[in-house]
Amino acid sequence: MTTLTPAAARFAPGRTIRLGLSRAGYEIRGYFRQGDTVFFTFLFPLLMLTIFSVAFSDGNFGTTPDGDPVTAAQYYLPAMLAAGVLLSGLQNMAIDIAMEKGDGTLKRLAGAPLSPVSYFIGKIGQVLVTALLQAAILIAVARIAFGVPLPTDPQNWATFAWVFLLGVSTCSILGIGLSGLPRSGRSATAVIIPIVLVLQFISGVYIQFSALPEWLQRVAEVFPLAWLAHGMRSVFLPDSYAALEPGGEWNLAGIAIVCGIWLVAGLVAARLTFRWIRKDG
Amino acid sequence: MTTENVVEVRQLRRSYGEFEAVRGIDFDIRRGETFALLGPNGAGKSTTIEILEGYRRRTSGEVRVLGVDPAHGGLDWKARLGIVLQSTGETGTATVREQLRHFAGLYPHPRDVEEVIAAVGLEEKANTRISKLSGGQQRRVDVALGIVGRPELLFLDEPTTGFDPEARRRFWELIRGLRDEGTSILLTTHYLDEAQQLADRGGIIAGGELMALGPIDELGGADARIPIVRWLDRGVLREERTHQPGALVARLAAAGEPERLEVVRPSLEDIYLSLVGESAAEQLEGSIA
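Protein sequence lines, in the order shown, are assigned to chains P and E. When you read off a place in the first sequence, starting at 1, and then add 1, the result is the number in this note's numbering. When you read off a place in the second sequence, starting at 1, and then add 1349, the result is the number in this note's numbering.
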């Protein structure tokens, strides 16, 4: 076939990236048109932050070294930022892909000249953009509505940036892996949401991490979420709060190691297991 | 294998455990022709078409689609195909125009999106979300997505299910237009009039075997198309197949006006039903023996 050479040239790596970006735009638009995802993944942490800030406004969350009381909003902001990364990354990705497997979207894409790499660039792009917007809104509402003091040291914001990016990447990749768990698109939310919910309860998102029994803390520390919440606390809480953490200090290396291991393991698993459709089905 | 054939299938077999869904079929589709694959549900039609599309593996046999083994077809191969799946069930949040623009962007030489929207008659729904369309309109979006990449070979798996008669006629016009532009088409359908209207050649598949193959007007062989004369002879219904029905009728009429006289030319549907019926009877015998 004489047409093969020019055709092959058109399918260069640049095309994979260009189509990936086109997918990302398409996915982001689709995301904000789905009322239920916008509520349960995008606005949910904001709702919880508001509820906790109002409900526990009289609660004692300790004081800063200057003697100012730490408010419920300040205390819960890092937890909700970590939850947002988990929801936007893992929950959104796992449910989305499981549904697309169920409703024939993946089968249609499998028949189109689209590389799975472009598909995932689109998905991860969507997660990155929505998670960033979500974090920005959480921080803005915490600052403006609840008067939460934000860190002024650029070092803190640098920590925020890498913990956030590592968290989003790890959660997205694990979401791809978990998308294979539901047996149908219909059961996707029923299978994924309980996993995410349990993880949030044991990882110090809703319940103060230091209040959990030590054995449960050790279990939670196997998973990335506890480390993401830890990292976010290190950014938004006074340094003196490190005393409440396991080991009595901010363990940033621990975040990088645990999330890094999950990220690499997740990438390998996704590469080995992802299929557009089951070929022998 | 020659480049004159866009599809070549030799001794294709596919089994699922003990069950043989496809039992060694052979056929070709020539460049530029419309080929209809007919058969009842569960006959092996969908398994065959999904093997050609690269969705399923085969157990044995040789298959070439545009000169490529579909089990190893890459992106450049997929760019030359258009696939309209049997059912999608997708209820996307994208509008018709957004969806078509997005998919057009995946192909190297797409058709003009507005022209495609007009060709499937969805101009008035171009800005409507696909999830808000009726079943028949969603089906037309499927067809539009199948042709937007300007395919050399188009797979249409029961494309007109859920169409009203008017929409079906318009769809036929669209398919004839594609054929005139040189697109090769593999069509499966339950509507035999559709196959008769659109296809140049066809095959009838039943029980995983090809029962008939050839030009659509000659399927089943010349013998299956011999006209039938029926009449009532002293209370008994008689029928005779003859190439000269007029002569037979004249002979009968010479002996007095025959009761309930009719001359029938077997339609594609009659031939189809008799072939599919034979296969079902054979299978029944096989399962008893």
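To be clear, the hints were calculated from the coordinates, so they are not data collected in a lab. Glycine residues also receive a C-beta, built at the ideal position from the N, C-alpha and C atoms. Just so you know, not all the hints are guaranteed correct.
[As the list claims (entries may be wrong)] Straight-line distance between alpha carbons at most 20 Å, and here's what the computed EDC-like set of lysine to aspartate or glutamate pairs gives: (1) E:K1474 x E:D1425; (2) E:K1474 x E:E1464; (3) E:K1481 x P:E246; (4) P:K108 x E:E1382; (5) P:K108 x P:D37; (6) E:K1474 x E:D1461; (7) E:K1474 x E:D1513; (8) E:K1481 x E:D1461; (9) E:K1474 x E:E1463; (10) E:K1481 x P:D154; (11) E:K1481 x E:E1447; (12) P:K108 x E:D1461; (13) E:K1474 x E:E1501; (14) P:K108 x E:D1418; (15) E:K1481 x P:D67.
[Said to hold, decoys possible] Footprint (simulated), chain E over chain P, 3 or more residues, beta carbon under 8 Å: (16) 102-111; (17) 249-257.
Status of the hints after comparison with the structure:
1. Between K1474 of chain E and D1425 of chain E the CA atoms are separated by roughly 32 Å; this puts the pair beyond 20 Å, and the hint is violated.
2. Under the criterion of a C-alpha separation no larger than 20 Å, the hint pairing K1474 of chain E with E1464 of chain E is consistent with the structure, at around 14 Å.
3. Between the alpha carbons of K1481 of chain E and E246 of chain P the distance comes to roughly 52 Å, so the proposed pair goes past 20 Å and is violated.
4. Among the hinted pairs, K108 of chain P with E1382 of chain E is inconsistent with the structure: their alpha-carbon atoms are about 26 Å apart, more than 20 Å.
5. Distance restraint check for K108 of chain P and D37 of chain P: the Cα-Cα separation of roughly 24 Å exceeds the 20 Å cut-off, and the hinted pair is therefore not satisfied.
6. Restraint check for K1474 of chain E and D1461 of chain E: satisfied, since their Cα atoms lie roughly 17 Å apart, inside the 20 Å limit.
7. Taken as a hint, the K1474 of chain E and D1513 of chain E pair is honoured in the structure, with Cα atoms around 17 Å apart against an allowance of 20 Å.
8. At most 20 Å may separate the alpha-carbon atoms for a hinted pair to count; K1481 of chain E and D1461 of chain E exceed this at roughly 24 Å.
9. Restraint check for K1474 of chain E and E1463 of chain E: the C-alpha separation of about 12 Å stays at or below 20 Å, so the hint holds.
10. The straight-line distance between the Cα atoms of K1481 of chain E and D154 of chain P is roughly 50 Å, outside the 20 Å bound, and the hint therefore fails.
11. Taking the CA atoms of K1481 of chain E and E1447 of chain E, the gap is about 14 Å. The hint holds against a cut of 20 Å.
12. Proposed proximity of K108 of chain P and D1461 of chain E is contradicted: the alpha carbons are some 24 Å apart, above 20 Å.
13. Simply put, K1474 of chain E and E1501 of chain E have alpha-carbon atoms about 27 Å apart, too far for the 20 Å limit, and the pair is violated.
14. Only pairs whose Cα atoms come within 20 Å are accepted, and K108 of chain P paired with D1418 of chain E is accepted, the gap being roughly 19 Å.
15. Pair hint K1481 of chain E plus D67 of chain P does not hold up; C-alpha atoms about 58 Å apart against a cutoff of 20 Å.
16. Given as covered by chain E, the region 102-111 of chain P passes the check, having 6 residues with a CB less than 8 Å from a CB of that chain where 3 are the minimum.
17. Taking a C-beta to C-beta cut-off of 8 Å, the region 249-257 of chain P contributes 0 residues in contact with chain E, too few for the three needed, and the coverage statement is violated.
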